[in-house]
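Novice: Line order of the protein sequences matches chains A and B. Here the working numbering runs 388 ahead of the position in the first sequence, where the first position is 1. Here the working numbering runs 388 ahead of the position in the second sequence, where the first position is 1.
Just so you know, not all the hints are guaranteed correct.
The list treats identical chains as interchangeable, and a pair is accepted whether it falls inside one copy or across any two copies.
What the hints assert, rightly or not - Here are the computed lysine-lysine pairs in the DSSO-like style, where the Cα-Cα straight-line distance is at most 27 Å:
id : residue 1 : residue 2
1  : K506      : K445
2  : K400      : K493
3  : K429      : K393
4  : K491      : K393
5  : K494      : K466
6  : K393      : K506
7  : K493      : K429
8  : K493      : K445
9  : K491      : K400
10 : K470      : K445
11 : K516      : K429
Hints are computed from structural coordinates only; laboratory data are not their basis. As the structure is a prediction and not an experimental result, all values here were calculated from the model.
2 protein chains.
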Amino acid sequence: MEKLKILVNYLKKRKKTIAVAESMSGGYLSYLLTKIPGSSKFFKLGVVAYSLQAKHKLFNIPYTILNPTQGVSEKIAKILSKKVKSMLGTDLGASIVGFAGPKAKKGMRGVVYLGLTKGIKTVTKRKKVSGSREEIRRKASYALIEFILNNLE
Amino acid sequence: MEKLKILVNYLKKRKKTIAVAESMSGGYLSYLLTKIPGSSKFFKLGVVAYSLQAKHKLFNIPYTILNPTQGVSEKIAKILSKKVKSMLGTDLGASIVGFAGPKAKKGMRGVVYLGLTKGIKTVTKRKKVSGSREEIRRKASYALIEFILNNLE
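Here chain A stands alone, though its shape is the one from the complex:
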């Protein structure tokens, strides 16, 4: 929660706007970013691109890229981040994709890819978090908040 407040204050103070695209976190990231009153000043759009179809149709990602990894890769995080930023022309775009559920392939459960676009530059990060499906969803969201903070300062 502390890092969330720091990020929110940063965005408000510098009048920066953000849009996010998330998959396995299922809306939790958007929910966090809109938790503090006054969030409409900086949070403009969230897209919960939960299905491959959503990633394909709303973000123009071809199925040849989506299918081999079930929509979870560094490249896909990068595209989501870039494109969600361009949807409304916000200052920042950010994204999360990953595997939260028990059906993930061996060793892949808890693997998340984070994306952040600022101007024309996009940075990504692979991270592994642990816990229950619900904990993985939450930790991934907080990991993105931390990732944004680390890349803004």
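Following the hints, position chain B against chain A.
Specialist: Using the frame of chain A, we list chain B on its own:
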């Protein structure tokens, strides 16, 4: 939570898919609908159209409709529900708009408009919920779940 499980089981059993568009609930509705494992079977897309710009650009709602009510009206709930359904061609589309924050006009705080589209038919409902900003966001999300259930049976 109980109603959420009933809805999830209903959608899974009947193989129905859903997409949602939400505003003041800020992603909480999508988060709820993806809380139970196996949610990818029915939950395809969530759009957190938090800004007027998001409602305008992604849903083609003219500013002449958005501006007078700050994006909160029965009509807007209806358009969001219909259009989010059409984005991926899901069986159902649903929406929430409302006033959660302390800056709402007198008597309007806690007012939410819910929308549900099934086939070519869209139903809407005005509801008033109470509590803190956070409680209003959560209650609005649960109200939509109940609204969907009542209109499916």
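Novice: Confirm or reject each hint.
Specialist: Evaluation of the provided hints:
For the identical chains of this complex, K506 and K445 are neighbours both inside a copy (23 Å) and across copies (21 Å), given an alpha-carbon limit of 27 Å. Only between protomers do K400 and K493 lie at most 27 Å apart by alpha-carbon distance; the minimum there is 23 Å, versus 40 Å within a single protomer. Within a single copy, K429 and K393 get their C-alpha atoms as close as 14 Å, which meets the 27 Å cut-off; across copies the closest is 34 Å, which misses it. For a Cα distance limit of 27 Å, the shortest separation of K491 from K393 across copies, 20 Å, qualifies, whereas the shortest one inside one copy, 34 Å, does not.
Within a single copy, K494 and K466 get their C-alpha atoms as close as 24 Å, which meets the 27 Å cut-off; across copies the closest is 43 Å, which misses it. Taking the shortest Cα distances, K393 and K506 sit within 27 Å of each other inside one copy (20 Å), while across copies they are farther apart (39 Å). Taking CA atoms no more than 27 Å apart as the test, K493 paired with K429 passes between copies only; the shortest distance there is 18 Å, against 40 Å inside one copy. Taking CA atoms no more than 27 Å apart as the test, K493 paired with K445 passes inside one copy only; the shortest distance there is 26 Å, against 38 Å between copies.
Only between protomers do K491 and K400 lie at most 27 Å apart by alpha-carbon distance; the minimum there is 17 Å, versus 39 Å within a single protomer. Taking the shortest Cα distances, K470 and K445 sit within 27 Å of each other both inside one copy (15 Å) and across copies (17 Å). Taking the closest pair of Cα atoms, K516 and K429 come within 27 Å of each other only across two copies (25 Å); inside a single copy the shortest separation is 32 Å, beyond that limit.
Comparing the model with each earlier hint shows no violations; every hint is respected.
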